[in-house]
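Go ahead and model the full structure; you've got the sequences and the hints to work with.
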Amino acid sequence: MYDEKVFTLAFLALTLLATACGKSNNDNPNPQDDAKKALIGTCKIESVTDDFMGKRNLTECDKKQTLVFREDNIYIQNDPPRGIYDPNELCETKEYKREFSVSGATLIIGGNTYRYSVSENKLVIISEREDAGIKITETTIYTKQ
29 MYDEKVFTLA FLALTLLATA CGKSNNDNPN PQDDAKKALI GTCKIESVTD
79 DFMGKRNLTE CDKKQTLVFR EDNIYIQNDP PRGIYDPNEL CETKEYKREF
129 SVSGATLIIG GNTYRYSVSE NKLVIISERE DAGIKITETT IYTKQ
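My numbering puts the first residue of the sequence shown at 29, with every later residue one more than the last.
One or more of the hints may lead you astray.
[What the hints assert, rightly or not] Distance condition first, Cα-Cα at most 27 angstroms in a straight line; then the derived BS3-like pairs of lysine-lysine:
| no. | residue 1 | residue 2 |
| --- | --- | --- |
| 1 | Lys65 | Lys163 |
| 2 | Lys91 | Lys72 |
| 3 | Lys163 | Lys150 |
[Stated by the list, open to error] Simulated restraints on C-beta separations:
| no. | residue 1 | residue 2 | range |
| --- | --- | --- | --- |
| 4 | Gln105 | Glu156 | 29 to 39 angstroms |
| 5 | Asp62 | Ile162 | 18 to 28 angstroms |
| 6 | Arg98 | Gly161 | 30 to 40 angstroms |
Since the hints were derived computationally from the structure, they do not count as laboratory data. Quick reminder that beta carbons are idealized off the backbone N, C-alpha and C, glycines included.
Shown next as structure tokens:
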């Protein structure tokens with residue numbers, strides 16, 4: 029009787045061990061999946077700084093900008109007109125929808141490439157553009173909602 033109980037307990041222990049250790053390779057996280065998961069959600073603009081004009085004062089219209097990253101690789105930007113550049117523009121938010129993907133520290137939205145990082149509840153997007161022959165790097169910080 030004692031031997032049967034020991035055998036049964038040993039069998040149960042081995043079964044539990046085999047079940048716990050027998051997880052599929054899908055449990056090994058893919059860095060791209062982790063990067064994408066960090067983006068998923070809604071982000072609200074916090075600040076814009078570039079190496080030409082420095083930190084900009086956001087207008088009330090600018091502060092309405094949000095970015096939405098969805099699981100199905102759809103990116104939605106709810107964007108008022110560029111009040112950052114002209115605070116006198118009417119503040120009517122427009123929705124722009126595109127596909128996005130990530131590759132390492134690179135975020136690709138509708139064919140445009142940006143560097144990005146996500147830390148805690150902050151999303152930092154770095155873009156580069158040329159204006160009158162001058163290369164300008166712009167850093168935009170968003171707060172995840």
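Structure-based check of all given hints:
1. A C-alpha spacing of about 31 angstroms is found between Lys65 and Lys163, which places the hinted pair above 27 angstroms, so the restraint is violated.
2. For a cut-off of 27 angstroms, the pair hint linking Lys91 to Lys72 stands: about 7 angstroms separates their Cα positions.
3. Between Lys163 and Lys150, the direct Cα distance comes to roughly 25 angstroms. Compliance with the 27 angstroms bound is thereby established for this hinted pair.
4. Evaluation of the 29 to 39 angstroms hint for Gln105 and Glu156 yields a failure: the beta carbon distance comes to about 18 angstroms.
5. The hinted range of 18 to 28 angstroms is not satisfied by Asp62 and Ile162, whose Cβ atoms lie roughly 36 angstroms apart.
6. Between Arg98 and Gly161 the CB atoms are about 38 angstroms apart, so this pair conforms to the stated range of 30 to 40 angstroms.
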